[in-house]
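Student: Protein chains in written order, with this note's numbering: chain A, 2 to 600; chain B, 2 to 600; chain C, 358 to 761; chain D, 358 to 761.
Keep in mind that the hints were calculated from the coordinates and are not lab data. Glycine included, every Cβ here is placed at the ideal spot set by N, Cα and C. Treat the hints with care, since some could be wrong.
Residues of chain B clear of chain D, computed beta-carbon distances all greater than 10 angstroms [claimed, not checked]:
{"#": "1", "residue": "Ser-29"}
{"#": "2", "residue": "Asp-71"}
{"#": "3", "residue": "Gly-124"}
{"#": "4", "residue": "Met-294"}
{"#": "5", "residue": "Thr-506"}
{"#": "6", "residue": "Arg-518"}
{"#": "7", "residue": "Arg-577"}
Using 30 angstroms as the maximum straight-line C-alpha spacing, the simulated BS3-like pairs for lysine-lysine come out as follows [stated by the list, open to error]:
{"#": "8", "chain 1": "D", "residue 1": "Lys-368", "chain 2": "B", "residue 2": "Lys-232"}
{"#": "9", "chain 1": "B", "residue 1": "Lys-35", "chain 2": "C", "residue 2": "Lys-600"}
{"#": "10", "chain 1": "B", "residue 1": "Lys-104", "chain 2": "D", "residue 2": "Lys-363"}
{"#": "11", "chain 1": "D", "residue 1": "Lys-368", "chain 2": "A", "residue 2": "Lys-26"}
{"#": "12", "chain 1": "D", "residue 1": "Lys-366", "chain 2": "B", "residue 2": "Lys-201"}
{"#": "13", "chain 1": "A", "residue 1": "Lys-201", "chain 2": "C", "residue 2": "Lys-600"}
{"#": "14", "chain 1": "B", "residue 1": "Lys-66", "chain 2": "C", "residue 2": "Lys-600"}
{"#": "15", "chain 1": "B", "residue 1": "Lys-35", "chain 2": "C", "residue 2": "Lys-617"}
{"#": "16", "chain 1": "B", "residue 1": "Lys-536", "chain 2": "B", "residue 2": "Lys-482"}
{"#": "17", "chain 1": "D", "residue 1": "Lys-363", "chain 2": "B", "residue 2": "Lys-66"}
{"#": "18", "chain 1": "D", "residue 1": "Lys-600", "chain 2": "C", "residue 2": "Lys-600"}
{"#": "19", "chain 1": "A", "residue 1": "Lys-66", "chain 2": "C", "residue 2": "Lys-463"}
{"#": "20", "chain 1": "A", "residue 1": "Lys-104", "chain 2": "C", "residue 2": "Lys-463"}
{"#": "21", "chain 1": "C", "residue 1": "Lys-609", "chain 2": "A", "residue 2": "Lys-66"}
{"#": "22", "chain 1": "B", "residue 1": "Lys-536", "chain 2": "C", "residue 2": "Lys-609"}
{"#": "23", "chain 1": "D", "residue 1": "Lys-366", "chain 2": "A", "residue 2": "Lys-35"}
{"#": "24", "chain 1": "A", "residue 1": "Lys-35", "chain 2": "D", "residue 2": "Lys-609"}
{"#": "25", "chain 1": "C", "residue 1": "Lys-617", "chain 2": "B", "residue 2": "Lys-517"}
{"#": "26", "chain 1": "A", "residue 1": "Lys-104", "chain 2": "C", "residue 2": "Lys-368"}
{"#": "27", "chain 1": "A", "residue 1": "Lys-35", "chain 2": "B", "residue 2": "Lys-35"}
{"#": "28", "chain 1": "C", "residue 1": "Lys-617", "chain 2": "B", "residue 2": "Lys-472"}
{"#": "29", "chain 1": "D", "residue 1": "Lys-600", "chain 2": "B", "residue 2": "Lys-384"}
{"#": "30", "chain 1": "A", "residue 1": "Lys-26", "chain 2": "A", "residue 2": "Lys-472"}
{"#": "31", "chain 1": "B", "residue 1": "Lys-384", "chain 2": "B", "residue 2": "Lys-354"}
{"#": "32", "chain 1": "B", "residue 1": "Lys-232", "chain 2": "B", "residue 2": "Lys-314"}
{"#": "33", "chain 1": "D", "residue 1": "Lys-368", "chain 2": "A", "residue 2": "Lys-517"}
{"#": "34", "chain 1": "A", "residue 1": "Lys-270", "chain 2": "A", "residue 2": "Lys-260"}
{"#": "35", "chain 1": "C", "residue 1": "Lys-600", "chain 2": "A", "residue 2": "Lys-66"}
In case you want the letters, here they are:
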Amino acid sequence: MSSKVMVGLEIHIQLGGRKLFCNCKTESSNETGKTVERRLIATTGESGKYDPAAVYEKSRERSFKYSLTDNSCLLELDEEPPHNINPEALRKALAMSMALNCKVVDRVSYMRKIVIDGSNTSGFQRTSIVGFNGYVETSNGPVGISTICLEEDSCRKIEEKNGVVHYSLDRLGVPLLEIATEPDIIDEDHAVETAEIIGKKLILSGWARKAPDAIRQDVNFSMGFGRVEIKGVPKLSTIRSAISYEKERQTWLAELAPKFKGTDWERIKFQDVTEMFRQTKSKVIARNLKAGMSVYGTVLPGLAGFLKNGSYKMGKELADVAKLFGSGGIMHSDELPGYGVEDELPKLQELLKPGEGDGYTIIVSTPRIIGLIEDSMKSRLKKLERMDLPETRVVSDDGSTHLLRPLPGGERMYPETDIQSIPLDAILLENAARIIPKSEEQLISELISSYGISKQDASVIISSGKAQSLKEYTGLLQNSKLATRIILQALPEMEKKTGETISETELLPLLEEAGKRKWDRQILERALDLYFVDKLPLANLLSSEMIKPLEGDELKSMIENLDSEEPVDPKNIVPRIRAKTNRPFNPADAIKLVREISQ
Amino acid sequence: MSSKVMVGLEIHIQLGGRKLFCNCKTESSNETGKTVERRLIATTGESGKYDPAAVYEKSRERSFKYSLTDNSCLLELDEEPPHNINPEALRKALAMSMALNCKVVDRVSYMRKIVIDGSNTSGFQRTSIVGFNGYVETSNGPVGISTICLEEDSCRKIEEKNGVVHYSLDRLGVPLLEIATEPDIIDEDHAVETAEIIGKKLILSGWARKAPDAIRQDVNFSMGFGRVEIKGVPKLSTIRSAISYEKERQTWLAELAPKFKGTDWERIKFQDVTEMFRQTKSKVIARNLKAGMSVYGTVLPGLAGFLKNGSYKMGKELADVAKLFGSGGIMHSDELPGYGVEDELPKLQELLKPGEGDGYTIIVSTPRIIGLIEDSMKSRLKKLERMDLPETRVVSDDGSTHLLRPLPGGERMYPETDIQSIPLDAILLENAARIIPKSEEQLISELISSYGISKQDASVIISSGKAQSLKEYTGLLQNSKLATRIILQALPEMEKKTGETISETELLPLLEEAGKRKWDRQILERALDLYFVDKLPLANLLSSEMIKPLEGDELKSMIENLDSEEPVDPKNIVPRIRAKTNRPFNPADAIKLVREISQ
Amino acid sequence: MEFTYKDTKMKGVLVSISEGNLNIKLVNGYNLLVPGSSISDINIIEKIQQNQITGETSKPLEKGTRKVAFIGTGGTIASRVDYITGAVKPVLNPGFLRESVSNLSKYTLDINLLEAVLSENITPDDWVVFARAVKEKLSANDGAVILHGTDTMSYTASALSFMFQSLTGPVVFIGSQRSSDRPSSDAFLNLEGGLEFASSDLGEVCIAMHENSSDDRVALHRAVRSRKMHSSRRDAFHSMGTKPLGIYENNKVTISPEAKLRGEELILNEKLETSVALVYFHPGLTAEDFTAMTEGKRATVIMGTGLGHTGTRLYPVVKDIMDRGDHVLMTTQCLYGSVNMNVYSTGRELLRLGVIPLSNMLPEVAMIKAMHVLANYPEEDFRNTMLSNLRGEMLEREFLQEDY
Amino acid sequence: MEFTYKDTKMKGVLVSISEGNLNIKLVNGYNLLVPGSSISDINIIEKIQQNQITGETSKPLEKGTRKVAFIGTGGTIASRVDYITGAVKPVLNPGFLRESVSNLSKYTLDINLLEAVLSENITPDDWVVFARAVKEKLSANDGAVILHGTDTMSYTASALSFMFQSLTGPVVFIGSQRSSDRPSSDAFLNLEGGLEFASSDLGEVCIAMHENSSDDRVALHRAVRSRKMHSSRRDAFHSMGTKPLGIYENNKVTISPEAKLRGEELILNEKLETSVALVYFHPGLTAEDFTAMTEGKRATVIMGTGLGHTGTRLYPVVKDIMDRGDHVLMTTQCLYGSVNMNVYSTGRELLRLGVIPLSNMLPEVAMIKAMHVLANYPEEDFRNTMLSNLRGEMLEREFLQEDY
């Protein structure tokens, strides 16, 4: 029944500036210390039916805590209706649609996409199709762009503990461009190529937020058993491994499915076996028992040898279910004895009575949760038996994927009634057309001519998405060479030294001062070092001796002093001054002065 | 120049119920935890001049902290205008005026009496004359009642620290009846007699708050050197000693005054002598130096031998000034060496150079304060020199008096514009006349006839001001005998046991339950014990076994049990049951049952 | 249907047509708004019945031991998306309760869905309809909840508060600021708390709404002290100048000792004299404006400045109103705090003219009370009745609140 | 004088005679109010000159280095007891400052005491007078303080805010809730803070009043976001929906970065079109009432319910107003939060009729802005100008405040 692999991509790009429906900035995210706690209720969509993802989420009964930030307002708290749409974001979405050969809708009309995992305080994400039916050219022919949507980004998850998911409101409402391809992609390499081509367009635009997670990909995968959506693929390399992993997984599942036919999954029944584990040597179980949790065990009919054996990983499929309900995972018969569980096994087998071909498993959980896990495990096994694979999965760093939730249906969409549809008139479209991102070649030659930098530098700057930064830094420093050096050398060095990403919100004030004070390269680099590595506050930095250049009479008297100790010469003067002071100085000046003195 | 002693009394009685200008109760005073900090500014009165007491207070630059209580509202915070006057309080004030043979004004018109020691958040006390020109008969003939005023009580002071006076708002606004006599009182005994006569009237009325400080007296004293107002005399015995003390004080001051003539008080000049005391043996000075304070010294011209010598106590007069500015007091030459100050004296004398007849003093203070103290000391000595004695003094427990502040003048009064004057019409006066407090004889015979109690009991109840309580308790318990017993025996016993005053707010709910449940004396007394001594919460108490009477079959089987151990007889049965159980039982019942069993 | 739009073949369900635009729900869930002229090759595959789109499967509600009357009047709490205009319209359907209100199984709801009225369209006539519905249901139930739009909820609740001289159970108005078709709706918690309040010992008309922005506390406000103080926040309703009468939190209700408990008898005085003006005084208001606003009104409630003042330019008109036997009442536009017309000379002047100072009564409540008093009390008792604290509409004491 | 009252000989000063009662100040300081008929044996000893009773000794004010214009208009802050009626009347006398305002020595006050007007009697004509007084003084001083009654202070300050298109210094309104003849008056601290604000770098019209009930912080409110929210508390003024623009505490001023700084030029546009109505919508308001209130008005500001609604019964009148070329503007009577007329169908209907939705502009401010815009901008720019944020009258962002 397996058929050819079909892959589609959804590429999400955060746009910088202001948020989509309020006046908050997309950057900066100091928490205010206030939090709000909420619950969400699954409601029915336009067609009166509940969305499966929503129903599923509801069964998890979580509550949500939101940390307020200085870039969130009443809207992010779902305490006021959306303001007018951010015209800049809309303009960019239109321009990007045009750049990707899309048609553009006549009216932008916003939908509410129900998401009740708490990542949206409203319980829905506002989204609208802006463009559709475009394409990009690839080495394997055109890959269709089915839609380009302009949506609100969701909350940033901070942690999940005891049934409470803690989110920050900083990211909520950031304009998010969602570019979805048709499933025209044929394999891993083609997927990476397509992602690269689209990614380049975005980088060239310079509109993406300058943040590590500004671009995220989802992969839609199918090979005949339904669509699997793999969420949150951060890097291009992970696209490749996620597709490989999923292909492999569906292959062995297809192999097993016929063997499951007729298995009585209802035999799965968790029993409280806590007493057997009172003296356990398993540290993880002991710790959980101490925390008041219980151990449950059940037989796994017909699963012996499939749980973890060669390519078969049914144990992982079941562990995924348990993890969704806050459990750490499962321990099953294919890996026991292990984890310090051994002495208990005879008693456990006596109780569970696994028959021929049956496996069994234990799990640490609570009475309230275990019933939910049991139900979910059974229904998951029934789905796997009939190769009913569509679901939303999430990718790990190693490219393996895990169940996240059922695939949402169209049911989860209904109109956003608080926003009137926006007609896209000729003026709007013209304005958008004027900012369609240029091609790489165009941009490179622009940079060369505007900033007088080398083609090599221009190319690196563009492909690292720093063209906009170059413009800004040059504006502040009034020196394009210096700006280029900062981008290509100073900042990467700084990031290496600190192990942190340099944030522009911190950098720009420093560059502004540097421009005002007409610092040369040396002083600026010294200042960057003090600022980012030694974390000297800007005000202190500006009044510091360490960035005051040693020059003129001062430099001269320093050299004269050195000369009186031991005669100076142009070759050793620079290291000798460096040994005496931390202050920056121009080596050329020093050498020149030495020459004057020596005369 | 000394002339005959003239004494007048001002008797202040807090009326219970509601406050004078708002709906807050006079009782209960749980703090809410909130505080407000304020400053007060001396303002000019109606005649455009500053009041001396106000000017003086201003020079002290204190700020005020107020603790909010559950019996205070926006009015006490000076955050809203006064509500209508409490009609009950007005009625009682009128009735008391009538009882004391006063004329009654045609219109009650409120004044603001400026008080900027912070004891009133508004900076003034609302007060109005209700009655005037009355009298009481005494063994020395009639003593005139000059005025009866109905005023707001002031804040209760909690503490004073670092220039911040901390008050509670619980007492502010409680209706205060001020009964001022003419200076017709001739000596200590007469003062006590007069206070007793007026006090009795108040106690008989039953209107006073049932609180320890519900009645306070001020004594106005003069013997020809101006009026001295002695504030806050709590007990009758203190009236006596305060008058004696003041008489003595003015006598020796009069003796000294001529000797002071021509003294150059300007020689008093405090110098910082801290350095001399770095190694001091005086613990109190060392402690203060550690706290960052300084030591100052000055010569005291012509005061050697008068500072503390026999009846002369000029040192105390000067210490009073220092204390007002937060200093602990002074150490002067008549008592030095002493307090561990000895080694420093030679150096000190060398610096201060006291001449023949000059004393000197040291004081611990701060640079900011010492100037104020110096000015005040000089001006005080000038006043004493010319026997200009009028001032407000405060009494200590031992009857000695201390300077509090200058005597306020009429300047400190101006009309309370937020309250319209209240015409006293015929109906009001008639209503008041109906509640004029009865004479003791009338009351006693009323109690005897209403409650069937003995004349002895009635008399004690009345003179302890408990007539109103008898009425209330009888109402609740439906048993006047029991109520009498509670008042005369149970409660005094309880107070003795606990060392605390039993509050009616706590007592009444218990009596209400007792009445509902028809408890007999034994159960009630047991309950009182559990409630006040063992501090059992009421709800727990009501469900406790310990107050369930042992009776009927239960009592019988207890006796039978005892009988089976060792035969019972009517004489030993009561102690034997007591040894077995804590529960109350009726001894008569037990004896009766023993007789039945023995038959 | 299948169709072609901008050279693209699409498939979807036609939801509505409005102002020349087709609203088509595509298979991916998005709605597309397209001008009718811009699509072609339309191919209708299937007609979907209207009820298939908007219908909800209706299981009967469980029956619990507590009986509460459930009266619907409309409002956001019972509103759903109107797919025609795209806006939210009041459509009452208690079915949504089943899944979403956690304590519903404890209750048997005695449902009476009145014709839905938009809260802003409610008039005094509607108050009478609502009051009668409450009267009819209250005897057979522990209490009543009334679903109502938040815009005028305080007005309606205050009116019912005065109309019911005595109540045999709580009458709890419940609204929501987020419609119940949103997962984040405040309706569910408000209902949950409202039901608990409605089965308590109260004998007052109240409003139950979120106490703060979190989904953890429902506050119960005395109707005649309540006011909507924010256009969109969940905790828009405040107990003005005082604490809420009750709190629902962690499945538990706490009621203030100041609450009035249920009485023996239900007494409804449903008459209202609607000829009452509410005048917002401001510097631009002229004597002519004031005359136009008060003409023919039996009573005029002024929202004066500060402690209860108006410009002296209005005095002649005030005098005219008095002279013709009608009433002028004073409240403060500050909303918090009392009027006190003894403090300033102009206040005294107004008092002398006969203006009735209404202490800290809210202006809107004063207006409604005047409607009630004019219709149900003898004319000569008007002043005294207005000054009497009938339903807790005046605060006897006011405290230093931080969040006023 | 000496006299006999109820058989009692007394001595005192006759302060006044009013309504047949003599007001006599006795030697003990108490005032006695006695009917003229009830006293006898009057013996006048001395006549005390009026100025001896009410006069205050007048030392000249110190001269400090900071120059601030000091403009008096009346109000509690400058009011004293009126011994005739017994009430507080506005009498401006800056002499009381000397003793009581701790930072006064830093300032040279350029005093202009306008004729005192009771705050509630102020009309738009007075705004022009005040604005001219500010204009006259501001060039020679760092800033200006204006003493004003609190009742209508937000109105006047908002009006001046719009009238001054650009300011060369801060214009700080100062009021007090306790008159300055009381030791507890808030006037002193407000003046202290107000002077500091007036010598800052601001270029806005603001209000300086107590931030809380303690005497420790003065808040500076942007005029067009301020509102008197309590009739009597010291901290009656609020920055509605936002934080104060500045705080004075511990002798130090902190100004928000959002404040507008002083400009180069002083531009005063003093024209006002006063024909603007402010209508408080409520369930009892009929179409006829609405017609009477809006007749002849160039613009009508509605204080609608919730997100900006009125009953549909008013729509025909709204349409009439539009048809005759006048304007209808929408604000919310909730006072906090924005109008948003897209959410409900009735809101959309009003938008379609041409009603202008004024976001979170305060109703009173909207009215004043309309007066300003009608008189100073072309008719065709009215809508856009009303929707533009001229002086910070609209909040671009609203946060979760606890004390709203």
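Student: Please go over all the hints and tell whether each is borne out by the structure.
Tutor: Here's how the hints hold up against the structure:
1. Ser-29: Holds, because the least Cβ-Cβ distance between Ser-29(B) and chain D comes to about 22 angstroms, which exceeds 10 angstroms.
2. Asp-71: holds (17 angstroms)
3. Gly-124: violated (2 angstroms)
4. Met-294: holds (23 angstroms)
5. Thr-506: The claim holds: Thr-506(B) sits with its nearest Cβ about 28 angstroms from chain D, beyond 10 angstroms.
6. Arg-518: It holds; Arg-518(B) is separated from chain D by about 46 angstroms at its closest Cβ, greater than 10 angstroms.
7. Arg-577: The assertion about Arg-577(B) holds, with a minimum of 66 angstroms to chain D.
8. Lys-368(D) x Lys-232(B): holds (26 angstroms)
9. Lys-35(B) x Lys-600(C): Roughly 16 angstroms between the alpha carbons, so the hint for Lys-35(B) and Lys-600(C) holds.
10. Lys-104(B) x Lys-363(D): Roughly 7 angstroms separates the two Cα atoms, so the pair holds.
11. Lys-368(D) x Lys-26(A): At roughly 75 angstroms apart (the allowed maximum being 30 angstroms), Lys-26(A) and Lys-368(D) break the hint.
12. Lys-366(D) x Lys-201(B): Given that 30 angstroms is the threshold and the Cα spacing comes to 29 angstroms, the pair holds.
13. Lys-201(A) x Lys-600(C): violated (59 angstroms)
14. Lys-66(B) x Lys-600(C): holds (25 angstroms)
15. Lys-35(B) x Lys-617(C): Since the Cα atoms of Lys-35(B) and Lys-617(C) sit roughly 28 angstroms apart, the hinted pair holds (cutoff 30 angstroms).
16. Lys-536(B) x Lys-482(B): It holds: about 26 angstroms lies between the C-alpha atoms, which stays within 30 angstroms.
17. Lys-363(D) x Lys-66(B): Violated - the C-alpha atoms of Lys-66(B) and Lys-363(D) are around 44 angstroms apart, more than 30 angstroms.
18. Lys-600(D) x Lys-600(C): holds (24 angstroms)
19. Lys-66(A) x Lys-463(C): OK: Lys-66(A) and Lys-463(C) at ~29 angstroms, within 30 angstroms.
20. Lys-104(A) x Lys-463(C): Violated, because 55 angstroms separates the two Cα atoms, which is more than 30 angstroms.
21. Lys-609(C) x Lys-66(A): Holds. Lys-609(C) to Lys-66(A) sits at ~22 angstroms (cutoff 30 angstroms).
22. Lys-536(B) x Lys-609(C): holds (29 angstroms)
23. Lys-366(D) x Lys-35(A): The given pair, whose Cα atoms are some 70 angstroms apart, is violated under the 30 angstroms limit.
24. Lys-35(A) x Lys-609(D): holds (28 angstroms)
25. Lys-617(C) x Lys-517(B): The hint holds at about 23 angstroms.
26. Lys-104(A) x Lys-368(C): holds (16 angstroms)
27. Lys-35(A) x Lys-35(B): Roughly 22 angstroms between the alpha carbons, so the hint for Lys-35(A) and Lys-35(B) holds.
28. Lys-617(C) x Lys-472(B): holds (29 angstroms)
29. Lys-600(D) x Lys-384(B): violated (55 angstroms)
30. Lys-26(A) x Lys-472(A): holds (21 angstroms)
31. Lys-384(B) x Lys-354(B): holds (25 angstroms)
32. Lys-232(B) x Lys-314(B): holds (21 angstroms)
33. Lys-368(D) x Lys-517(A): violated (80 angstroms)
34. Lys-270(A) x Lys-260(A): Distance ~21 angstroms between Lys-270(A) and Lys-260(A) Cα, so the pair holds.
35. Lys-600(C) x Lys-66(A): holds (26 angstroms)
Consistency with the previously given hints fails for numbers 3, 11, 13, 17, 20, 23, 29 and 33, ordered from lowest to highest.
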